[in-house]
Amino acid sequence: SQTIHQWPATLVQPVGSPLSLECTVEGTSNPNLYWYRQAAGRGLQLLFYSVGIGQISSEVPQNLSASRPQDRQFILSSKKLLLSDSGFYLCAWAQGATNEKLFFGSGTQLSVL
Amino acid sequence: QQQVKQSPQSLIVQKGGISIINCAYENTAFDYFPWYQQFPGKGPALLIAIRPDVSEKKEGRFTISFNKSAKQFSLHIMDSQPGDSATYFCAARGPTGANNLFFGTGTRLTVIP
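Residue numbers (this note's numbering), protein chains in the order written: chain A, 1 to 113; chain B, 1 to 113.
Because the hints were derived from the structure by calculation, they are not lab data.
There may be inaccurate statements among the hints.
[Stated by the list, open to error] With a cut-off of at most 30 Å between alpha-carbon atoms, the simulated DSSO-like pairs for lysine-lysine come out as follows:
#, chain 1, residue 1, chain 2, residue 2
1, B, K15, B, K42
2, A, K101, B, K42
3, A, K79, B, K42
These numbers come from a predicted model, not from an experiment.
The shape of chain A in the complex, shown without the other chains:
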């Protein structure tokens, strides 16, 4: 069966520090991968998606970046965090052929202080 792992679950970082969030998927190959951000009490904002290794599409211009070094690994990064980067970050995957069902990770609560 397919599983998605996202870590860490909670992260507190000072303003200006770097960020690296990692997400891995097991039990499937060539998935579409996604990073979403959810501000407190708000909806889901798509940040990045990837249809293959090294292929990254950005939806929102910001100081975040994403990389996909392996088929089932998706990384969200920042060189210098801003206060506005605080939020709940969710990784998700979908089977590329139909893209019908998104499977979300358990999320990372990021607080930038």
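Given the structure of chain A, go ahead and fit chain B onto it with the hints provided.
Same frame as chain A, but now just chain B:
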């Protein structure tokens, strides 16, 4: 521009009552309409979904009503329970591309005993 409009933003229902969440869309090319349920601190999970060739789909206490001509669909939760308290997202899928799932802004449901 919000592709899927969802209302209400929040909803309080008495235990045993009916919870109703509404969504509307404009793009007639949308071909799949899922609902996701998110508990606090967790990632959303697919709850129920419908295709536009049927007007209703029921799974247990959860029912989607779909009105193709009005371009509206809604989630009904019968006999609402405190355990149903969560945020609900409607979504609509476009016909092509990896970035083809558009989410509503979410409804926070609270079921009071």
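Numbers of the earlier hints that this structure fails to satisfy, in rising order: Of the numbered hints, all hold.
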